[in-house]
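Enquirer: Quick note on numbering: this note's numbering labels position 100 of the sequence shown as 120, and the sequence is numbered without any gaps.
Careful, some of the hints might be misleading.
As the list claims (entries may be wrong) - With a straight-line Cα cutoff of 30 Å, these simulated BS3-like cross-link-like pairs (lysine-lysine) come out:
#1 K168 to K196
#2 K138 to K168
#3 K89 to K176
#4 K120 to K176
#5 K89 to K120
#6 K138 to K89
#7 K120 to K138
In case anyone wonders, no lab produced these hints; they're calculated from the structure.
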Amino acid sequence: MKTKLFFLLTLAALFLTSCNSSKDIPYMIGANQLPQEVLQSAAKASDPVVMPGDLLQINVISGNTEAVKPFNKIDYVHNISGTGNLSSENSMYNYLVDEKGNIDFPLLGTLHVGGMSKSATENYIASQIYPRYLTERPSVEVRFLNFKVYILGEIKSPGEIKATNGRLNLLEAIAKAGDLTIHGRRDNVMIVRTNSDGSRSIQTVNMNDKNMIVSPSFNLQQNDIIYIEPNSSRARQSWNVPPALSLGMSSVGTLISIATFIITLTK
21 MKTKLFFLLT LAALFLTSCN SSKDIPYMIG ANQLPQEVLQ SAAKASDPVV
71 MPGDLLQINV ISGNTEAVKP FNKIDYVHNI SGTGNLSSEN SMYNYLVDEK
121 GNIDFPLLGT LHVGGMSKSA TENYIASQIY PRYLTERPSV EVRFLNFKVY
171 ILGEIKSPGE IKATNGRLNL LEAIAKAGDL TIHGRRDNVM IVRTNSDGSR
221 SIQTVNMNDK NMIVSPSFNL QQNDIIYIEP NSSRARQSWN VPPALSLGMS
271 SVGTLISIAT FIITLTK
């Protein structure tokens, strides 16, 4: 009777443990219950912010292509040298943001763009060209050529994740890395962010929570580091019993077995 009761209690404990742990696996539990107005308010992804070390491709566009040629580095360099590969992928035609957040722009000289969003940078450059040099306001397009984040921890493919369009959210990064392992803690994903002034901040995201998709941390910034912490099951697997303790436990177990055997014989 006692053996049967022990067996049933063990099964119940295992069942309850599996139920609790299974609740920690899904992402965005109940996200379909979020009000539409909440989802709409988070529909716009935030612009990436220009930081030192960024490599930018900047194109100035106008109906008058000849008028904007001096402001496009690929045309400006080619006109001066008369030679060169005109592919826009050539690094000499792009802009590396220096440690002070500046770029050297044709005709305009040094422009401070560090800390500006993508759209603010586009508007700023356009305002420096028009109306001083052109009779109509040009369009300016800025692209981040080295937008990347890093992901490590309990993830199937840790490493560098690149985004050619200059935008990346947390779910996209995790999908590109092959998803979390079963041992990854989903309720405490850590994001280490380097700000435009060089300072760092740490944010945590609960991926079980439906509100994660409207969280300010959902949209990533370049050079973010995402760390997936191991859950308790992984911690238990990695726990090593010290040799002395292991020997002691083995000895105690042997003594208990002998005592149980003797008691059984004497009944």
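Enquirer: State for each hint whether it applies.
Expert: Hint check:
no.: 1; hint: K168 to K196; result: holds, 12 Å
no.: 2; hint: K138 to K168; result: holds, 15 Å
no.: 3; hint: K89 to K176; result: violated, 47 Å
no.: 4; hint: K120 to K176; result: violated, 37 Å
no.: 5; hint: K89 to K120; result: holds, 27 Å
no.: 6; hint: K138 to K89; result: holds, 22 Å
no.: 7; hint: K120 to K138; result: holds, 17 Å
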